[in-house]
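Residue numbers (our numbering), protein chains in the order written: chain A, -13 to 255; chain B, 3 to 95.
Calculated directly from the structure, the hints in this document are not laboratory data. Among the hints, a few may not be true.
Said to hold, decoys possible - Straight-line alpha carbon distances no greater than 30 Å define the calculated DSSO-like cross-link-like pairs of lysine-lysine that follow:
#	chain 1	residue 1	chain 2	residue 2
1	A	Lys171	B	Lys50
2	B	Lys24	A	Lys171
3	A	Lys64	A	Lys19
Bear in mind that the values here come from a model prediction, so they are computed numbers and not experimental data.
Listed here are the chains, written in short residue letters.
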Amino acid sequence: MARIIVVTSGKGGVGKTTSSAAIGIGLALKGHKVVLIDFDIGLRNLDLIMGCERRVVYDFVNVIKGEATLNQALIKDKRVSTLSILPASQTRDKDALDKESVGKVLTELGETYDYIICDSPAGIEAGAMMALYYADEAIVTTNPEVSSVRDSDRILGMLASRSRRAELNLEPIKEHLLLTRYSPKRVTEGEMLSVEDVEDILSIPLLGVIPESQAVLKASNAGEPVILDKESDAGQAYQDVVNRLLGDSVDFRFLVAEKKGIFSRMFGG
Amino acid sequence: MALLDYFLHKKDKPVTTASKAKERLQIIVAHERNNRKVQPDYLPDLTKDILAVLRKYIQVSDESLSINLDNKGGELNVLELNIELHDEQHPQT
């Protein structure tokens, strides 16, 4: 049975696609068969973050409508052979996805893949609901910032009430908190919610903390998911996330600011 | 000068913006969680019907009626009806 994981958040721009790409490629590098699905119909971007935007021929909606087979639409990653991407369409047809057809596609993918990662669109509209409907697990991507935390809580409500597991009274979706764009320095200065603050408010288990990092923009510029940048703090933090998803217990890193030297403390800067 | 700041500000620890953020979030999140407690499908219709019955006898606004189903643990469910009446709407005879 494939594990269906939705990467969701409510709020836009918190790092869902960056996280989906990094986690997807990280799991595949560990030898698992992984498919990444872009659920953001009309605004596809996962292809760009993965660096395969020029290889998109058919998309998710083509498959749903029967205009292409899954194999025609799936893009094999050039770096990791066990990873595929199913891109979203660029048409604005919001109702293109219906539960039944999406369910069929997921079942078919589940025959081949170990992990199905659903990159959710922002918001709480049909697209986001579709991305989370079939999920077994949810990675709730949150920035340490008021609107993001509130929206994440809304999404937790949706996971508990609007998913297939909720409707069928099955075991609830396993929720994970992924805190992104974390700046230990600002936390120390009392300008940013800390990991503990966000955990207190949302009360779901912490999967990872990704530090605010210049490596993330560089990675998306290049179409190389940041986890491939093994020197970078964000890349290493995502690697920890992948290991935790696979059941390892890994200490949390990048939670404290680098200490300033005595001179810069005395003279500012 | 950083050195001077260091000594001047060490003692009084002002309320940080982060702690304000946490406090505000805890309140709003608790409030919103309360509002999304799963309520049975029939509650909206029941509310409408009760309002219609009430209006046969008294004037009430939509907001003056609230209905809540509370699970008091185990088998005990309490359906709570709250009707707010204003004096001018039911003058004493």
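Structure-based check of each hint:
1. A:Lys171 <-> B:Lys50: Not OK: Lys171 of chain A and Lys50 of chain B at ~54 Å, beyond 30 Å, violated.
2. B:Lys24 <-> A:Lys171: holds, 18 Å
3. A:Lys64 <-> A:Lys19: holds, 14 Å
Hint 1 alone, counting from the list given before, is not met by this structure.
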